[in-house]
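Engineer: In short: position in the sequence shown from 1, add 18, done, that's the numbering used here.
There may be inaccurate statements among the hints.
[Said to hold, decoys possible] Cut-off 25 angstroms, straight-line C-alpha distance, at most; resulting in silico cross-link-like pairs (SDA-like, lysine to any residue):
#1 LYS396 x PRO297
#2 LYS91 x PRO297
#3 LYS91 x GLN351
#4 LYS396 x ARG65
#5 LYS91 x SER403
Since the hints were made in silico from the structure, they are not lab data.
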Amino acid sequence: MKRRQLLSESASALLTALGLPLLTQPGGRAGGGANRLETARRALRQRLGNRLITPQLPWANLRPDQPVPAQLKNPWYLVSQPGGTQSTGMAGAWSAQASGLAVRAASSNDVAAAVNVAREQRLRLVVKGAGGDYFGRSSGPANSLLIWTHDLNRIRLQGAFRPEGAPADLPAVPALEVSAGNTWLQAYQAATAAGLYVQGGGCTTVGACGGFTQGGGFGSYSKRFGSGAGNVLQLDVVTADGQLRTVNAYRDPDLYWALKGGGGGTFGVVVRQTLLAHPIPQLDGWLSGSIEAANDALFEELLQRYLELVRDALVNPSWGEGVVIEPGQRRLQLGTAFLDLDAEAAEAIWQPLLEPLRRRPADFRVQARFRTQPFERKWQPSGESVFWDQRPGAPAGQFWWKGNQNEVGAFWGGYQGRGIPLDALKAESVAELARAFAAASRQSFLLFQTNKGLAGMDTSGLERERATSMNPAVLNNAGFVTLARWVQYRYPGIPGHEPDAAEGAQQRQAVEASMAPIRAATPGAGSYVNEGDFFEPNWREEFWGPHYPRLLAIKRRVDPTNLFRVHHGVGSDQAGGSTS
């Protein structure tokens, strides 16, 4: 076998194993995709004019001796660039790339034109709004066509919404319609102005109408209001045949169900969605500080005591977010949200953990601060907690949380997440989970968030959550643990700014080893398509559990040629899709 053929077939085998589309025709020439892209360019130029653009990576022109400029550390700048992504890649997995051609969509007709041409030309199709996907699903190679939805940014409040096709006697509800280019900050600000709240993500720059809700989507207050997917009332989606369809519980309920948790970029391009709006909470609370243990044995004791507090007092609609452990540290960094409790009431709930530890100053150092503010001020924060977007012409009041800065420009060595079921917190098993957390944190960053599990959530929303296509294990999960290692402001392929391959491999191995004891302590817990493991071998079961067969059947109906194909997406391991 010739060397070139051997390399080509090896690459094809790797891509197939990862569930990725082949970017060259197996055993054939790589030039076909470029030719089809040029044909697509000519066809779309006639229809779209200057809305057809050639994107570029925002860091493409960095010189080897040039420091990383401030704009590349600003997530709002990255959101505003057609080739921008929040992450720059992941070791052994993917690297950010710029599609050879992009449609800067200003309407659903623009989206449909791009879908039709991609289908006709058998092009790899990529969909991107804010570019926040950890696993590169919104980044495509040079021979791909990108649909960039940034300019679809209309928000509309609907005081009395009833889904199309619904019975006339169905009670109308307040709702917020968001478009594919909107971010959660924009949605929150619009809802707050109307005295309402919509359930979205914690990061202000994440898209409010994309992979977040289509993958499930958890925010700080999901224990009260549920997941992003569970709050979707209606979607307008361009499917693989180029048709714009309105789907809800009464019009194509199967596709509606699939889009509520079945994964972004898989069933079509959602251009608008309508979200249930809730009465705005009264108080926004936050616990900050840390608890540090003097040695490893005491740290395991601390973790067990904390997990017992979670089980006994925090798995309910008042609480969200959680704790962070830096690699090799014996310190719990507290970053816990609470709703509609004053500071004194919140602190009283934590006293069974804090007070006994304060009485042992030689063993534990405790710092804990509880504070509250009117919830309506949450999206007008003080400077101590945020960075403001100070670019010329940036919208007033545009910010991102300081806690999210360490993800901007991240090149991930390893990244994995897993649900933590209530059973793992029982008296007979909580010590094992505490030991697993301690072992994992020795060489991995660990984040535990109670809001990313729906056990204990407000019962008024449970039926909405049962009607999503997420892995139903999430209904029994007390929270979610994320393990990660990364470097910042490293750019694959950019001389002088590239990540170190050996370091990336070491970080990936560290995360894999760290997750092993947590997996052992959490059988059947499942994971989350937006924040799981890029290399997960059992991704169908982990991300969707018993729902996968139904999702696959819907996928085959609405996208029979597998035009919409993303890593570890429904049907990504099936025949079809782009050959370019």
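Engineer: So, for every hint listed, does it hold in this structure?
Structural biologist: Here is how each hint holds up against the structure:
1. Annotation: proposed proximity of LYS396 to PRO297 holds, straight-line Cα distance about 15 angstroms (limit 25 angstroms).
2. Proposed proximity of LYS91 and PRO297 is contradicted: the alpha carbons are some 35 angstroms apart, above 25 angstroms.
3. Taken as a hint, the LYS91 and GLN351 pair is honoured in the structure, with Cα atoms around 24 angstroms apart against an allowance of 25 angstroms.
4. Taking the CA atoms of LYS396 and ARG65, the gap is near 43 angstroms; set against the 25 angstroms cutoff, the hint is violated.
5. In summary, the hint linking LYS91 to SER403 is supported, as the alpha carbons are separated by about 17 angstroms, within the 25 angstroms threshold.
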